[in-house]
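Starting from the known structure of chain D, arrange chain V on it as the hints suggest.
Protein sequences, first through last, are from chains D and V. Following the numbering used here, the residues of the first sequence are numbered contiguously, the last one being 113. Following the numbering used here, the residues of the second sequence are numbered contiguously, the last one being 114.
What the hints contain is simulated information worked out from the structure, not anything from laboratory work. Quantities reported herein were computed from a predicted structural model and do not represent experimental measurements. From the three backbone atoms N, C-alpha and C, an ideal C-beta is built for every residue, glycine too. Some hints here could point you the wrong way.
Stated by the list, open to error - Chain V is faced by these chain D residues, among others (derived, beta-carbon under 8 Å):
#1 Leu45
#2 Val48
#3 Leu51
#4 Glu56
#5 Phe75
#6 Ala87
#7 Thr100
#8 Ala102
#9 Gly105
#10 Gln106
#11 Gly107
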Amino acid sequence: ETGVTQTPRHLVMGMTNKKSLKCEQHLGHNAMYWYKQSAKKPLELMFVYSLEERVENNSVPSRFSPECPNSSHLFLHLHTLQPEDSALYLCASSQADRNTEAFFGQGTRLTVV
Amino acid sequence: AQSVTQLDSQVPVFEEAPVELRCNYSSSVSVYLFWYVQYPNQGLQLLLKYLSGSTLVKGINGFEAEFNKSQTSFHLRKPSVHISDTAEYFCAVSRTSGTYKYIFGTGTRLKVLA
Chain D
1 ETGVTQTPRH
11 LVMGMTNKKS
21 LKCEQHLGHN
31 AMYWYKQSAK
41 KPLELMFVYS
51 LEERVENNSV
61 PSRFSPECPN
71 SSHLFLHLHT
81 LQPEDSALYL
91 CASSQADRNT
101 EAFFGQGTRL
111 TVV
Chain V
1 AQSVTQLDSQ
11 VPVFEEAPVE
21 LRCNYSSSVS
31 VYLFWYVQYP
41 NQGLQLLLKY
51 LSGSTLVKGI
61 NGFEAEFNKS
71 QTSFHLRKPS
81 VHISDTAEYF
91 CAVSRTSGTY
101 KYIFGTGTRL
111 KVLA
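In isolation and in its complexed conformation, chain D is listed as follows (with noise of 0.2 Å):
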């Protein structure tokens, strides 16, 4: 496999459930990212982990939990979320020393019911 890669693609959980968005990439990248994309509004950086550290929390809300276990892997833990956490969540990784681009996932769509 190349690039980066989320997994699922679709999601649909209640508000009371605990579920985890997987993101692997395969480009050798240092950095990886954790993106929301709502409808009618800016993408909107959540966190950053650049060599396994967090290095960037856009104040989100603690019922979402990143975990980057290697710079290979990023996950995003959810629970008791709310329907307007409802959005398409994108992963992205970059070589943090270059800053040059960044590389996408596909998303996964994320249902809160």
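Frame of chain D; chain V shown alone:
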């Protein structure tokens, strides 16, 4: 802090006509500039990027963009569009150093009409 403005939320254009999608940015530090395209239910794909050097950059699918530092703009152009170019286009900036994060505009929906 950096910010990106894409003034046009939707741009309809007839097939084989030229198109320009506008992007303006604001930053107190040096930035890199990018254009991404997103097809329905897909992630973002890089069209082109400006890092340094020539202000006219060429990308995939016949797109090009020109960096204008004095006007803080990075407009995207294509001389002749196809139906398959119908998609959402995003302009983005990132700092050239420090914490690496990519700031996006709100996107422009390009609709190519037959």
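So, going through the hints one by one against the coordinates:
no. : hint   : in the structure
1   : Leu45  : holds, 6 Å
2   : Val48  : holds, 6 Å
3   : Leu51  : violated, 11 Å
4   : Glu56  : holds, 6 Å
5   : Phe75  : violated, 17 Å
6   : Ala87  : violated, 13 Å
7   : Thr100 : holds, 6 Å
8   : Ala102 : holds, 5 Å
9   : Gly105 : holds, 5 Å
10  : Gln106 : holds, 4 Å
11  : Gly107 : holds, 5 Å
Taken one by one, the earlier hints fail for this structure at numbers 3, 5, 6, listed in ascending order.
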